[in-house]
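Novice: Sequence:
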Amino acid sequence: MMATTTRTTGKAPLSAYVLSVLAALVLASIVGAIASLFYDENRLLGFVIFAACTAGTFFALGWVLFVSKYTVESDEHAEDNIERRWYDKATSGAFHDIITTAGIALFALSVTRLEVSGTAVLILLLTLAMASFGLRFWAAKRRDS
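Just so you know, this note's numbering puts 109 at position 108 of the sequence shown, and the rest follows in order with no gaps.
Everything labelled a hint here was simulated from the structure, so no lab data went into it. Errors might be hidden in some of the hints.
[What the hints assert, rightly or not] Pairs of lysine-lysine residues, derived as BS3-like cross-links and limited to a Cα-Cα distance of at most 30 angstroms, are as follows: (1) Lys90 x Lys142; (2) Lys70 x Lys90; (3) Lys70 x Lys12; (4) Lys70 x Lys142.
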């Protein structure tokens with residue numbers, strides 16, 4: 002998702018920061034608790050690992066939900082800026098890369114009857130999507146600069 006903001010306007014009240022941190026901790030704990038249900042040997046370790054790995058994302062989400070409305074002013078013309086066009090080009094191209102790659106991979110796996118774990122497939126698809134987007138965004142930026 003593209004940022005639709007341009008400048009900061011000030012500080013948020015302390016309550017916004019507290020809510021942001023509390024929401025992040027609660028959400029990370031929920032993910033950790035759910036993940037720990039799938040670990041028979043050491044549930045505490047599963048909880049800690051998954052809560053720690055998701056905490057950063059939830060801290061960012063908490064900031065967006067509770068703090069950013071005080072600290073960032075919206076850009077009324079965000080959809081018209083050049084970065085938005087680069088983003089649109091990059092996401093469109095990356096989507097086509099994923100569809101093409103998934104189709105070719107599905108064909109190859111069907112023909113060879115090779116078994117691949119779902120986790121491996123999803124990691125590869127996510128990595129491809131991020132790399133494709135990054136390269137396409139960089140290329141669009143370089144082309145237009």
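Novice: Compare the structure with each hint and give your call.
Specialist: Consistency of the hints with the structure:
Among the hinted pairs, Lys90 with Lys142 is consistent with the structure: their alpha-carbon atoms are about 10 angstroms apart, no more than 30 angstroms. For the proposed pair Lys70 and Lys90, the alpha carbon gap of about 28 angstroms is at most 30 angstroms, so the pair holds. Taking the CA atoms of Lys70 and Lys12, the gap is about 10 angstroms. The hint holds against a cut of 30 angstroms. Taking the CA atoms of Lys70 and Lys142, the gap is about 29 angstroms. The hint holds against a cut of 30 angstroms.
Checked against the numbered hints given earlier, this structure breaks none of them.
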